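Enquirer: Heads up: take any position in the sequence shown, counting from 1, add 1475, and you land on the numbering used here.
Hints are computed from structural coordinates only; laboratory data are not their basis.
These numbers come from a predicted model, not from an experiment.
It is possible that part of the hints are untrue.
Claimed, not checked - Capping the alpha-carbon separation at 20 angstroms, the derived lysine to aspartate or glutamate pairs in EDC-like fashion look like this: (1) Lys1583 / Asp1573; (2) Lys1478 / Asp1488; (3) Lys1519 / Glu1678; (4) Lys1540 / Glu1558; (5) Lys1674 / Glu1498; (6) Lys1674 / Glu1565; (7) Lys1519 / Asp1541; (8) Lys1478 / Glu1565; (9) Lys1495 / Glu1485; (10) Lys1674 / Asp1562; (11) Lys1674 / Glu1571; (12) Lys1674 / Asp1541; (13) Lys1499 / Asp1531; (14) Lys1583 / Glu1558; (15) Lys1499 / Glu1515; (16) Lys1478 / Glu1518.
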Amino acid sequence: MLKCPRCGGENADRELYCGKCHEKLPSIASLRSTLRSGIEAMEKKDFRRALDKFTDVIRNNPGDKDAWFLRAACLIRLGSGMEAWSDLVESGIAQETDRCRNCRGTGKCPECGSTGICIMCRGTKKCSYCGGTGVCPTCKGERPDECLHCKRTGTCIRCQGSKECSYCSGFGSCSKCKGSGNCQVCGGTGRGYKIDISKVSPEYREILNWFN
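Just need the whole structure built from these sequences, with the hints factored in.
Expert: Laid out in structure tokens, this is it:
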């Protein structure tokens, strides 16, 4: 369905002009191309670029439920759960229920307990396995030719010699809530939501588990 970005009038995909305000409508082919670009970015885990693409589709066609759903999925991955659910409710894809099952209504990130700090390195950004040295903790990098633990490389098998915490990628913040301390599912609201999956195309429904 094409929803006019000017007046909100609903139009069939084949229409060139809005039947309500006569505004020229965007090309369906162009919108689908932009949506595909967003999906390709998602597959590469470039969620910010994907977010921009889906936002562009929504700006030109507010009636595209798939774009709303995919945009919300990107927001979840970027740690903006509150905005994601707000979008889904606004677009009619989700409705509020009782409490968030992920945080049990506390609104706090269950991974870090609302501290926003990486549970592995405790915010130091250093690899906890090698202590931030980058060398194998078994052979200490001194006799790697005899060490089977590091496969004779002399480097830490967890950080690969980078010295950075592999769990948070060296940022020091919680990998689940991105340092916000909020539950990544409900965005810190503590409220639960239910998605009406019938409003999303079948090929995108596998992404539903991102919201749980």
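Enquirer: Now, for every hint given, state plainly whether the structure supports it.
Expert: How the hints compare with the structure:
1. Lys1583 / Asp1573: holds (16 angstroms)
2. Lys1478 / Asp1488: holds (9 angstroms)
3. Lys1519 / Glu1678: Given that 20 angstroms is the threshold and the Cα spacing comes to 18 angstroms, the pair holds.
4. Lys1540 / Glu1558: Within the cut-off at roughly 16 angstroms; holds.
5. Lys1674 / Glu1498: violated (26 angstroms)
6. Lys1674 / Glu1565: Holds: Lys1674 and Glu1565 sit about 13 angstroms apart, inside 20 angstroms.
7. Lys1519 / Asp1541: holds (19 angstroms)
8. Lys1478 / Glu1565: holds (15 angstroms)
9. Lys1495 / Glu1485: Given that 20 angstroms is the threshold and the Cα spacing comes to 8 angstroms, the pair holds.
10. Lys1674 / Asp1562: Holds. Lys1674 to Asp1562 sits at ~14 angstroms (cutoff 20 angstroms).
11. Lys1674 / Glu1571: Holds, because 16 angstroms separates the two Cα atoms, which is no more than 20 angstroms.
12. Lys1674 / Asp1541: Holds: Lys1674 and Asp1541 sit about 8 angstroms apart, inside 20 angstroms.
13. Lys1499 / Asp1531: holds (17 angstroms)
14. Lys1583 / Glu1558: holds (16 angstroms)
15. Lys1499 / Glu1515: Roughly 28 angstroms separates the two Cα atoms, so the pair is violated.
16. Lys1478 / Glu1518: Given that 20 angstroms is the threshold and the Cα spacing comes to 27 angstroms, the pair is violated.
Violated hints for the displayed structure, listed by number in ascending order: 5, 15, 16.
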